[in-house]
Amino acid sequence: MNSQMERSYDNKLYPSWLLFETENNLLIRENQYSLIETMMKDEVNSIYQLNMGEGKTSVILILLSDILADGKQIVRINCLESLMGVMQELLRNKFRGLLKKKIFVMPFSRGVVFSIENLEKIKEMLTECQNEKHILLVTPEQRLCFQLKKQEMFLEYLQSKDADDCFDWEEHGRWHSYGYRKKSVEKSQRNVYVLTEEQKILKEALKSLKYIDNTDKIVKYPSEEYNKFYDEVINKIPDKAYLSNIRDAYYILRDQSTQLKTERAQKLELLYSIDKFKFFDILDESDEILSHGKELNYTLGATKSLDGGSIRWEIPFLLFRIIFCEKEFGQFLEKASQLDDCPVVFQRDFRPVSGIGGGSPLVRFVKHEYFQRNIKPKLCQEICKIILQNFCEKQTSIMNDEGECYGSYEEFIEGKCLFKEDKIIKLLKRKSVDMLNSFLLAKGWLSHELLYHVISYRYRVEYGLSEKSEKEIAIPFRGKDLPSENSEFSHPDIMIGFTILSYLYRGLDLKQVKDGLIKLKSDQKRDKNMLLQTCVKENEEWINEHIKKENEEFPLWLKSFKTLDLENENSIKKAHLYLSRNFSFIEYYLSNFAFPNDTKYFEKKITGNAHTLAGEGKNNGFSGTDDRNDTMPESIVSKRLYSQLGTNGKMLHILSRKINQKYETKVDVSNTVKFLDEVCRYAQNDKDCYILIDSGAIITEMTNMDVSKYLIKNIDKRFDGIVYFSDNNSKIMVILRREECVPLSACHIDNKKLFVYLDEAHTRGTDLKLPLTARGVVTLGKNMNKDKLMQAVMRIRDLDFKQSIVIWGLKEMSAEIAIINGIKLDEITSKHVLTWVTYNTIRKNENDLYPVTKEKLKYVIKGRALEYQKKIKEIPMDSLIVAYVSENIDSIENSYGTTPRERNPRDLLNKNMGTYLSEFYPFVKSELENKETYSHFIKELNEHWNDIDRPKMKKIIEKVDKKLPNDILTTNADYNCEQENAREIEEIQHVELASELKNTPSIEIAWDFPK
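Just so it is clear: in the sequence shown, position 735 is 735 by this note's numbering, and no numbers are missing.
Calculated directly from the structure, the hints in this document are not laboratory data. Fair warning: this is a prediction, and the values are worked out from it, not measured in the lab. Even for Gly, the Cβ is constructed at its ideal location relative to N, Cα and C. Check the hints yourself; a few may be wrong.
[What the hints assert, rightly or not] EDC-like mimics (lysine to aspartate or glutamate), calculated; alpha carbons at most 16 Å apart, straight line:
hint, residue 1, residue 2
1, LYS217, GLU170
2, LYS574, GLU550
3, LYS203, ASP216
4, LYS200, ASP248
5, LYS217, ASP275
6, LYS420, GLU404
7, LYS161, GLU269
8, LYS376, GLU410
9, LYS871, ASP275
10, LYS276, GLU128
11, LYS72, GLU128
12, LYS618, GLU43
13, LYS121, ASP275
14, LYS562, ASP523
15, LYS709, GLU740
16, LYS753, ASP686
17, LYS327, GLU538
18, LYS207, GLU269
19, LYS709, ASP677
20, LYS870, GLU152
21, LYS267, GLU117
22, LYS963, GLU846
23, LYS752, ASP716
24, LYS802, ASP686
25, LYS604, GLU887
26, LYS824, GLU326
27, LYS327, GLU541
28, LYS939, GLU929
29, LYS939, GLU927
30, LYS267, ASP165
31, LYS278, GLU117
32, LYS514, ASP565
[As the list claims (entries may be wrong)] If you anchor each label on the Cβ, the simulated ranges turn out as follows:
hint, residue 1, residue 2, range
33, GLU893, ASP686, 56 to 66 Å
34, ASN888, THR22, 57 to 67 Å
35, VAL673, LYS955, 51 to 61 Å
36, SER891, GLU569, 27 to 37 Å
37, LYS429, SER244, 22 to 32 Å
38, LYS161, SER886, 15 to 25 Å
39, LYS752, GLU132, 48 to 58 Å
40, GLU553, ASP349, 16 to 26 Å
Model the full structure from these sequences, guided by the hints.
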């Protein structure tokens, strides 16, 4: 029937489309054809808005890919990591019939070594993909990984370019391992160097292992597994003497090996040949893929210890003890949580899913103004008293030797000594460096607002602990219960704060409790029995509650190590139950295990983000929302077809319809189970309720499988199964009444007998069929923007007909919505929610504008460096390092010595522009002038410098001039307002650190390209 209808396209030009229509029993609509034709003819990188539910992925993406895969270029489809499983299945289904194509994937991560064999395999795969007109499917993270690995390979080759097979012991003596190095003395100018005793021992070990010979010539180089090399050397050292310079020798052996230099050169040549492939990138959900705030960092070199040592975690522990343990402060916060505007979330009886009590309440700061006005002054006063007491300082005023008063210590912590901070720092440094660091850290946590930032984040939604990692620190989460396993927070103090909170909420595990008790028993620096008794006393109420429930007597063995049997597993299990969430015991464990071992930092890194994605080749994309146009990369142009001009207005109209206006404020979210009970009750009473869309990430501490199991046991009997996304591969599954799990594609149950649960990560880009009159429960989350709400509600495709939604909001969101709209809580409707999400969107875009513009300026230089690297590939240039490598020296004084002040972002951007240009071009020019072969390139470089890049950067600043805020809070001209606060990040979804944090290069992983 469809084949006889009038078509909007010429089937002689696109005969394969007839096959597609026939096979899928559909007719390509005019607006779909119009968008495909426009994207094919588009000469610039563009992203288009198309209303959700109009076949972006299921029709347009397929047909566009089919046409563009012409044997002359590679079609590379980019999709969100959370949708990878669904997208892979969709593409395979669409291209396994009449339109036959293989779907290649490139599961690249830093764990894959760039061996010559692997690079050749990549090249072969790309050659087949292009020549046979197949499709390549990737995630943004995989592309960024590949980009950064190429840069890392280039930097490694720079280190090898002067290799001469000579192990220079003088260089070893002054070596400091980080990212790349520059030799301070030419080899011809060196004097006779006398080896230290350590070096003599090391030299004998290297000779016996045949890494060097008697003349210090390098015979072989160590593998990329540093631990293996370390073990080899240690086993050759007599009496296992301590050597601090083994790592330095490892780097010199590798970087000075001519054999490794040759291999690195071969790899670079292969990379350059791979770069010659022409890609056409299609971005599905382009606004999310190119959103600001997601970046991938590759750390370089060895880890460094944090400045200040244990003081870095002692100060936040003092602050958290006041907040979580002091009774009066807890009562103050509890009263604040009961105010109408809900400035604080406070759950006194919070317990994790494990059910273990005796721990801290759950606290979350909501209103910044309330924190500044009511919470910060109290904490400044309390922490100041404690620090002064710790250092036996009786004076509360800061006075120099002449009696001049610079203000009080409390005022210094509050950031009120703006013009005397330098003098105060010099004075305190003379008194005691530890005292100075203590006050600076207190100032950082309170006046630089680290504390507000940390306690305003949601546990297990934005941060938490990994069950897989060997490290015991908190990591970023991509969403509800989705830890970004290879990521870490870039800001060390932020990471420390999130780690403390994570353990206060979750508690220590059984092994950690046992290790802590064993350590405490042998600890000569602590009164072990007193600390044990303190912990027991703090948890006395919880212990009594449990023994009463179990009808047991108070465990006398917990009062002294003389009676505590650490070999008795039952005793350890009881100790875990009683102490795992105890504040004092958690403080002892983290201070002796997690923080000393895992709080390190890297001085150098290379970074990839949306700008590096968009700057690579041809990019076209589409999405259902377009709220982020101002923060898109500079090379991307946002467009709309004429037929789609009313898309945003249509969505606002649909959500404002009477059938969609209902808002529920009285939702019990004290824990996940109670919330799911509410959902079950609602589905019982409302027979049209078929879907829960948890876009607000209210459900935590339960996997999707756990949630579906709970729902199938407790939901209305009219449902025979729960639809959910697999935790392992993000494929759509159904759990049946017998708890049997099957793929949705293999389930033939009527959709009227299925209830759908969408976790936060899958509330965009998901398309499921629902009954004609289905109603969905949609949850709101912290600072939710319009884009996220629209994406969530449009999982229900027929909202403009008979399907509908009801919005559920937490107390703090409801309070914000009511205040912004000037109404009472019980008057809230979807219209007021739209006002709130629009307000959040505007605020977010305004806050992002300065850091995004700064990133755009940076990318002008980075893009130029990438161009020069390809043009002058015969001679590796050290000057390009300036564009690739970012440095960050950890210093308490530099971080918190100067209180943030208001500065004009336009002035800052102009200063940044000048800095970026002056740090890059003169360095490149100087290096080229020393290479006669490329002297002709200097004229072209001058044109790029003054006639192209400078005007381009000025234009970027001019475009946002009127939209930038008048002032931003910053400490100096090079400050990134997101870097110190939000992009700890999430560093993104996948800040690849895992291998480097162990100070060992990754083990090679075999490539596998599923087809």
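Taking the hints in turn, this is what the structure says about them:
A distance of roughly 14 Å separates the Cα atoms of LYS217 and GLU170; the hinted pair therefore holds under the 16 Å criterion. Our distance criterion of 16 Å between C-alpha atoms is met by LYS574 and GLU550, whose separation comes to about 12 Å. Restraint check for LYS203 and ASP216: satisfied, since their Cα atoms lie roughly 9 Å apart, inside the 16 Å limit. Restraint check for LYS200 and ASP248: satisfied, since their Cα atoms lie roughly 14 Å apart, inside the 16 Å limit.
Simply put, LYS217 and ASP275 have alpha-carbon atoms about 36 Å apart, too far for the 16 Å limit, and the pair is violated. Distance restraint check for LYS420 and GLU404: the Cα-Cα separation of roughly 11 Å lies within the 16 Å cut-off, and the hinted pair is therefore satisfied. A threshold of 16 Å between alpha carbons decides the hint, and for LYS161 with GLU269 the separation of about 14 Å falls inside it, so the pair holds. A distance of roughly 11 Å separates the Cα atoms of LYS376 and GLU410; the hinted pair therefore holds under the 16 Å criterion.
About 12 Å separates the Cα atoms of LYS871 and ASP275, which keeps this hinted pair within 16 Å; it holds. Between LYS276 and GLU128 the alpha-carbon distance is near 15 Å, which keeps this suggested pair within the 16 Å criterion. Using a Cα cut-off of 16 Å, the hinted pair LYS72 and GLU128 holds, with the two alpha carbons roughly 12 Å apart. Between LYS618 and GLU43 the alpha-carbon distance is near 9 Å, which keeps this suggested pair within the 16 Å criterion.
Taking the CA atoms of LYS121 and ASP275, the gap is near 14 Å; set against the 16 Å cutoff, the hint holds. Using a Cα cut-off of 16 Å, the hinted pair LYS562 and ASP523 holds, with the two alpha carbons roughly 14 Å apart. Using a Cα cut-off of 16 Å, the hinted pair LYS709 and GLU740 holds, with the two alpha carbons roughly 10 Å apart. About 14 Å separates the Cα atoms of LYS753 and ASP686, which keeps this hinted pair within 16 Å; it holds.
In summary, the hint linking LYS327 to GLU538 is supported, as the alpha carbons are separated by about 12 Å, within the 16 Å threshold. Taking the CA atoms of LYS207 and GLU269, the gap is near 33 Å; set against the 16 Å cutoff, the hint is violated. A hinted pair counts as satisfied when its Cα atoms are at most 16 Å apart, and LYS709 with ASP677 qualifies at roughly 13 Å. This hinted pair checks out: LYS870 and GLU152 have alpha carbons roughly 15 Å apart, not beyond 16 Å.
At most 16 Å may separate the alpha-carbon atoms for a hinted pair to count; LYS267 and GLU117 meet this at roughly 9 Å. In summary, the hint linking LYS963 to GLU846 is supported, as the alpha carbons are separated by about 7 Å, within the 16 Å threshold. Between the alpha carbons of LYS752 and ASP716 the distance comes to roughly 12 Å, so the proposed pair stays at or under 16 Å and holds. Straight-line distance between C-alpha atoms of LYS802 and ASP686 comes to about 15 Å, which keeps the hinted pair within the 16 Å bound.
About 5 Å separates the Cα atoms of LYS604 and GLU887, which keeps this hinted pair within 16 Å; it holds. About 34 Å separates the Cα atoms of LYS824 and GLU326, which puts this hinted pair outside 16 Å; it is violated. For a cut-off of 16 Å, the pair hint linking LYS327 to GLU541 stands: about 14 Å separates their Cα positions. Simply put, LYS939 and GLU929 have alpha-carbon atoms about 11 Å apart, close enough for the 16 Å limit, and the pair holds.
With a C-alpha separation of about 14 Å, the suggested pairing of LYS939 with GLU927 holds against the 16 Å cut-off. Note on LYS267 and ASP165: the hinted pairing is violated, with a Cα-Cα distance of about 20 Å set against a maximum of 16 Å. Annotation: proposed proximity of LYS278 to GLU117 is violated, straight-line Cα distance about 22 Å (limit 16 Å). Of the pairs offered as hints, the one joining LYS514 and ASP565 holds, with about 11 Å between alpha carbons and a cut-off of 16 Å not exceeded.
A hinted range of 56 to 66 Å for the beta carbons of GLU893 and ASP686 is consistent with their spacing of about 60 Å. Under the hint 57 to 67 Å, the C-beta atoms of ASN888 and THR22, about 58 Å apart, fit the expected range. Checked against the hint of 51 to 61 Å, the C-beta distance between VAL673 and LYS955 comes to roughly 55 Å, which is consistent with it. Range check, SER891 to GLU569: about 46 Å between beta-carbon atoms, so the 27 to 37 Å window is missed.
Take LYS429 and SER244: their Cβ atoms lie about 28 Å apart, and the range 22 to 32 Å holds. Checked against the given bound of 15 to 25 Å, the beta carbons of LYS161 and SER886, roughly 22 Å apart, stay inside it. In this structure the supplied range 48 to 58 Å is violated for LYS752 paired with GLU132, their Cβ-Cβ distance being about 44 Å. Checked against the hint of 16 to 26 Å, the C-beta distance between GLU553 and ASP349 comes to roughly 25 Å, which is consistent with it.
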